[in-house]
Amino acid sequence: MNIELITFFVFSTLLVFTCFKVITTSNPVLSAVNLVFSFFLSAVLWLLLGAEFLSIILILVYVGAVMVLFLFVVMMLDINIAKKSAAYIKYLPVGIFIFILLNLLIILFFVNTFENIDYNAVRDIQLISDSNTENLGYLIFTKYILEFEIAGLILLLGIISAIVLTYRKNPMNKYQNPSQQIEATKKDRLKIITGLKK
Amino acid sequence: MIPISYYLILSTIIFTISIAGIFINRKNILVLLMSLELMFLSVNFNLITLGNYLGDLTGQVFVFFVLTVVAAESAIGLAILIVLFRNKKSIDVDDLSELKG
Chain A
1 MNIELITFFV FSTLLVFTCF KVITTSNPVL SAVNLVFSFF LSAVLWLLLG AEFLSIILIL
61 VYVGAVMVLF LFVVMMLDIN IAKKSAAYIK YLPVGIFIFI LLNLLIILFF VNTFENIDYN
121 AVRDIQLISD SNTENLGYLI FTKYILEFEI AGLILLLGII SAIVLTYRKN PMNKYQNPSQ
181 QIEATKKDRL KIITGLKK
Chain B
1 MIPISYYLIL STIIFTISIA GIFINRKNIL VLLMSLELMF LSVNFNLITL GNYLGDLTGQ
61 VFVFFVLTVV AAESAIGLAI LIVLFRNKKS IDVDDLSELK G
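As you go down the protein sequences, you meet chains A and B in turn.
Heads up: the first sequence begins at 1 in the numbering used here, then just goes up one per residue.
Heads up: the second sequence begins at 1 in the numbering used here, then just goes up one per residue.
Hints should not be assumed to be uniformly reliable.
[As the list claims (entries may be wrong)] Lysine-lysine pairs mimicking DSSO-like chemistry, simulated, CA-CA at most 27 angstroms apart:
| # | chain 1 | residue 1 | chain 2 | residue 2 |
| --- | --- | --- | --- | --- |
| 1 | B | LYS89 | A | LYS90 |
| 2 | B | LYS100 | A | LYS169 |
| 3 | B | LYS88 | A | LYS90 |
| 4 | A | LYS90 | B | LYS100 |
| 5 | A | LYS169 | B | LYS88 |
| 6 | A | LYS21 | A | LYS90 |
| 7 | B | LYS89 | B | LYS100 |
[What the hints assert, rightly or not] Sample of chain B residues at the chain A side, in silico, Cβ under 8 angstroms:
| # | residue |
| --- | --- |
| 8 | LEU8 |
| 9 | ALA20 |
| 10 | LEU36 |
| 11 | LEU38 |
| 12 | ASN87 |
| 13 | LEU99 |
[Claimed, not checked] Some chain A residues well away from chain B (every beta-carbon gap over 10 angstroms; in silico):
| # | residue |
| --- | --- |
| 14 | THR185 |
| 15 | LYS186 |
| 16 | THR194 |
Because the hints were derived from the structure by calculation, they are not lab data.
The C-beta atom is built at its ideal place from N, Cα and C for all residues, glycine as well.
My request is simple: use the sequences and hints to build the entire structure.
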């Protein structure tokens, strides 16, 4: 029993436990906090797999941005914490059935499939250094540069659509109307009154 | 070296937990979105594991792009959720069935 295996078992057990807590608690805030815990635990497991950059990104982007967004929405929405409703009890057997069935099917498939795998199947990617971050950056900025730019466009789309969806026009706000300003002529601004002195 | 099937079984368990969560939490869209995040996490686990064991870095590049898309997706999903709550005063899935023929 080496240290790697012990680390894997400890953190994977905790990960499965927190994932269960995410879907079974009735309080959405607790659910989000458990999701944050599960992201931290899986970041440790990704470190074990040698994906250092992605595990840091998981903590920074997911825990730091996405989950904070979730928590903000939970607090903004002012939901009353629902008790275990009738639907929960109704669909619980279905959930357990699906869980056990899918687990059995996929795990039975996985158990002996990858025993004799050729671990050197893919070797055509030249790595430039020992650092995971440098290699990943090299791949992203050379081979996958188009995908990188598309990812930037997707993020722009996310910003624009989120703002457009949630924007509410406040009638109290005072702002300029550029087209009206451009169309204003001399007549609208200045009125020459003649013939007063007679 | 940890056998590859351990990681694959772990990601399978996370995936099935999230599917069971979608079945159980029919009332709350917020928890449905969180189950979706767990599902993405298990997919990323698979990509990183297989990439690591095959000695290929492309899996990690894919995880990078998946994280980007998921961030955009959750931002838009939460915006839709807020608009929904403004109009309906509820985030129950059953209250959303507007299209009755």
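The hints, checked one at a time:
no.	hint	in the structure
1	B:LYS89 / A:LYS90	holds (24 angstroms)
2	B:LYS100 / A:LYS169	violated (31 angstroms)
3	B:LYS88 / A:LYS90	holds (25 angstroms)
4	A:LYS90 / B:LYS100	holds (24 angstroms)
5	A:LYS169 / B:LYS88	holds (19 angstroms)
6	A:LYS21 / A:LYS90	holds (19 angstroms)
7	B:LYS89 / B:LYS100	holds (20 angstroms)
8	LEU8	holds (5 angstroms)
9	ALA20	holds (4 angstroms)
10	LEU36	violated (11 angstroms)
11	LEU38	holds (6 angstroms)
12	ASN87	violated (12 angstroms)
13	LEU99	violated (20 angstroms)
14	THR185	holds (41 angstroms)
15	LYS186	holds (45 angstroms)
16	THR194	holds (56 angstroms)
Figure legend: structure checked against the earlier numbered hints; hints not met, in rising order: 2, 10, 12, 13.
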